[in-house]
Each structure stands twice: as C-alpha cells, then as structure tokens.
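Spelled out, the chains give:
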Amino acid sequence: MGSFADAIDRIVAGNRVFAHDTAEQDPKYFSKLSEGQWPDILWIGCADSRVPETTICNCKPGEIFVHRNIANCVHPHDVNTSAVVQYSVGVVKVKKVVVCGHTMCGGANHSLTDDDLGETLNTWLHPMRELRRKHKSELDALPDNNARSARVAELNVQSSLNVLREHPAIKQAVNERGLTLHGMIFDITSGQLRLLDEGGSKKSNGLWSPN
Amino acid sequence: MQKYLTQSHDRIFENNRVWAEEQKKKNPEFFAKLKEGQSPDYLWIGCSDSRIPAEAITGLGPGEMFIHRNIANLVCNVDLNVMSVVNYAVRHLKVKHIVVCGHYGCGGVKAAMTPKDMGLLNPWLRNIRDVYRLHESELDKIEDEEKRYDRLVELNVVEQCRNVVKTAALQTSYKENGYPIVHGWVFGFHDGRLVDLKIDFEGMLKGIQKLYNLTD
Ligand SMILES: [Zn+2]
Ligand SMILES: [Zn+2]
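Chains as they are written, first to last, in the UniProt record's numbering: chain A, 1 to 211; chain B, 1 to 216.
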C-alpha cells in the first residue's frame, strides 16, 4: 500500500507546486482562468502518456480543448467523440480541429496483428485493422514494423479526419466561419510534430510550419 | 488570456520545436527513453475543458499519465470509447491509480441542466441529469445556483467513479492484484488546486458488487 499512496502524494504535491508557481508568476492568472475558456484548437489525440498535448506544444492551460482516446480514433457513431466535437465546435467555437497520431503507438502496433486484446479493444481497433488490410501491399513494402506502425497511424489520422468532415457541427463551421481541419503525427523518437497533407502523408512545409 | 490568443497558433510547430530542443538539452536520453514504451502509474479521466491539462497541473512529464478526456468527465456504460481506455489502462498498462477529475464551473454540467434541445449532445449530457435525479432532494435544497452546480460537479465525479468500479476490468484486476485504486477529485480555477473528494473506494466496491459483481 505504501508505494501506491506515494504515487498519489506525488501528483498532489506536483499540483501544489503548479498552483503556487503559477500564482507567483502571475497573481491574476487563476482569476482570469475562472472567467472562461477561449481555446483556438480542438485536439483529438491518443491517450498514450507520452503525448501530453499542452506540454509538447508549449501551450498554457486554456489554449487547447482536448479529447484523447485509444489511438485517436474517430468512429462515425461514437457518441463520446461526437459530443466533444459538437460542444467544442458548436458552443466553444474553436477555429481549428487537429487529429494527432504518433509513432510507436500501441494501438497502431496492435493493428498490425490480429492479436486478441479482448472483445472491447478488438471492437474499438477493428477499423484500424481494416486499414491495415486495405493498404497491405504498401505496408508490406516498408522496411520494418516501426515504419508500418507509423504509416498505419498516418492512415488512421486521415480516416478520422474523413469522419470528422461529415460531422454536422464541423460541416456548418467550415462553411460559415472557415473552421479548418489538420492531421499531425508526433514523432516520439524526436519529440517533433509534423503536419500531414490531404493524402495523409508527410508534408514538409505545412500550414503552421514556420519554415 | 489575450496574450495567449494573440500569440498565434500558427506557431504551434515552433513552440513544439523549442520544447523538444529544451528536453534534449536537459536530458539527452529523454526521447530515447520515451521510445522504449510507456508504463504510467495513473489513468486520468477528466473534462475536455482546455483549462485542465492533466499533466501540467499535476507536474507530471511525458510517459507518466494515461489520459482520457471527454465532455464533463463521464464514464458511460455503453460507451466503447471510454471502456476501451479503461480496458487498455487496467489490463495492458496495469495502472495503479485511476483518477476521475471534474472541475467547478464545468460548462458541460451547466449545459446539461439548461432546458434546451442540444441535438447530438442530448444523449451524452442526459447522464448528468440522471446524476441530478439521484440526488434531487439534496441538490434542490441548495438555494445558491453556483453552489448547486458545484455540488452537482462533485456528485457527478463520485457517480463516474462508481461507473469505473462497475467495470469487469477494474473488479478483476483489483481482485487479482490489489489495484487500481479509484480516486475522485475536483479542480478549482480560482486557485488551481485539486480537491480530493475522499471517496471510500473499498466501501464503494463492496456496495457495488452486491448488484454489479463481475468476478467469479
Ligand atoms: Zn497511441
Ligand atoms: Zn468541464
């Protein structure tokens, strides 16, 4: 029980440091936070602990509205994701929707195989495994499983974006106020984000890229 | 807040590059270690609200906390999305703690109690009205509207903890390993601090298993 309790003490202490340091840097910070949120971005990312969106984008609390699930999948009839999209796009009125996959993704790795992960996860990952089947020859030609997994992650981002484009709140916001959608991959081995083009592959000079 | 808004998000990639450089400078092995895999101690189920980045407010770095965030931190029994997250975190990553974290001033909770047809949001937010109904007499007695919402936020967190405890993944793992433990917390914007609702996890599990036992 000892070490379990320590793990909780640790994040409570971490929170006290966060609260103290933040208030010290800007005494009005928390009163401003209480006023509301005006994030520009909805981030749909993987639940993976190695991809904390606000940290890797060097952003502050209040900047990114977040949904994270197993392998950043957007399935057409998922009420959870639909509610997040409806609220963030329709009510909070974000300007950009980002779907971010990543290299070394457990979900993508498992999608390369038909390993039995239990009925719940098998069902959730089924569409991703279908992507593998659909793109078999392209994936087979890649040098190793890391490359295949990264490619499946890219294809999955693109497929999630396609589902999002059909969401009624997104259709409306794209037409009425120029909402934009973007696919990205976070490279775990370098810590860098890169933008995907429409086809779901690499893009050297992205919309948001400074170069 | 304005400062952050004018700091254009077109520079998100630049921000990211700066961050990646800094990590490498502080610890040249940083990304090599991340590459090896993740073994987080915690699963965090929190609200999508942009003001509550779980890792940042708990002082954790990449690799330490598995995250699911949705509108009003709900754990619904027919939701394959959250159930997949709980499954993966408990059965594959073997997390030791599950934190369900709500926050005072939750827009989702407010929206849920607004008499309005919200389309696709209706089936999701309905779960919050159900929490209200379970605690109707207590909540109705609170005259101050803000305080009533705050209490509903707390009761919602407790109810979602209960929903986590109802899953087979949790019950089986707890029986076999003695973990994970479920915690109910609330984040306050006025001071940036987390409040522990101190739910009685053992008692909750026992109570729930009278009707919802999924272990043999
Ligand atoms: Zn992943
Ligand atoms: Zn909220």
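Think of the hints as simulated: they come from the structure by calculation, not from any bench.
Any given hint could turn out to be false.
With a cut-off of at most 25 Å between alpha-carbon atoms, the simulated BS3-like pairs for lysine-lysine come out as follows [said to hold, decoys possible]:
1) B/Lys110 with A/Lys32
2) A/Lys32 with A/Lys136
3) B/Lys116 with A/Lys93
4) A/Lys60 with A/Lys93
5) B/Lys24 with A/Lys60
6) B/Lys147 with B/Lys175
7) B/Lys166 with A/Lys28
8) B/Lys35 with A/Lys93
9) B/Lys26 with A/Lys95
10) A/Lys32 with B/Lys26
11) A/Lys60 with B/Lys206
12) B/Lys116 with A/Lys171
13) B/Lys110 with B/Lys96
14) B/Lys26 with A/Lys60
Hint check results:
Taking the CA atoms of B/Lys110 and A/Lys32, the gap is about 19 Å. The hint holds against a cut of 25 Å. For the proposed pair A/Lys32 and A/Lys136, the alpha carbon gap of about 51 Å is over 25 Å, so the pair is violated. Restraint check for B/Lys116 and A/Lys93: the C-alpha separation of about 18 Å stays at or below 25 Å, so the hint holds. Between the alpha carbons of A/Lys60 and A/Lys93 the distance comes to roughly 18 Å, so the proposed pair stays at or under 25 Å and holds.
Our distance criterion of 25 Å between C-alpha atoms is met by B/Lys24 and A/Lys60, whose separation comes to about 21 Å. Taken as a hint, the B/Lys147 and B/Lys175 pair is broken in the structure, with Cα atoms around 38 Å apart against an allowance of 25 Å. With a CA separation close to 41 Å, the supplied pair B/Lys166 and A/Lys28 exceeds the 25 Å bound. Taking the CA atoms of B/Lys35 and A/Lys93, the gap is about 35 Å. The hint is violated against a cut of 25 Å.
A hinted pair counts as satisfied when its Cα atoms are at most 25 Å apart, and B/Lys26 with A/Lys95 does not qualify at roughly 34 Å. Distance check on the hinted pair: A/Lys32 and B/Lys26 sit about 31 Å apart at the alpha-carbon level, beyond 25 Å; violated. As the CA atoms of A/Lys60 and B/Lys206 are separated by approximately 40 Å, the hinted pair breaks the 25 Å bound. Our distance criterion of 25 Å between C-alpha atoms is met by B/Lys116 and A/Lys171, whose separation comes to about 22 Å.
Of the supplied pair hints, the one linking B/Lys110 and B/Lys96 is violated, its CA atoms being roughly 32 Å apart against a limit of 25 Å. This hinted pair checks out: B/Lys26 and A/Lys60 have alpha carbons roughly 21 Å apart, not beyond 25 Å.
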